[in-house]
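Asks: Numbers given in the working numbering equal positions in the sequence shown, counted from 1, plus 34.
Hints were generated in silico from the structure; no laboratory data involved.
Ranges between beta-carbon positions, derived for each pair: (1) Thr86 to Trp63: 14 to 22 angstroms; (2) Lys107 to Val48: 38 to 46 angstroms; (3) Asp104 to Gly78: 43 to 51 angstroms; (4) Val37 to Asp89: 14 to 22 angstroms; (5) Thr98 to Arg73: 34 to 42 angstroms; (6) Gly82 to Asp104: 37 to 45 angstroms; (7) Tyr36 to Gly82: 16 to 24 angstroms; (8) Asp108 to Gly61: 30 to 38 angstroms.
Glycine included, each C-beta is placed from N, C-alpha and C at the ideal position.
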Amino acid sequence: PYVAAFTDAVARRVPFNAEVRVRRADGAWRWIESWGRPRFDDEGRYLGHLGTSADITDRIDAETQLREADRRKDAFLATLAHE
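Throw the hints in and build the complete structure from the sequences for me.
Replies: Laid out in structure tokens, this is it:
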């Protein structure tokens, strides 16, 4: 889906934004978020996309921990209400 979204953005010459899980050379899995913007010259001719990617693994891990804590809280409250 990541490559398809990027290919579509390039074909349509529109901004690109996506998150994807990637494997580093050392075998560790990380999450990255990529952004790309089309570039045009003064006459409006498409020059390509300019972009960047950032490692967002810490953010994804924190969001996962918050969802799990929220799930446990809900389970606890449901048990408490049942009692």
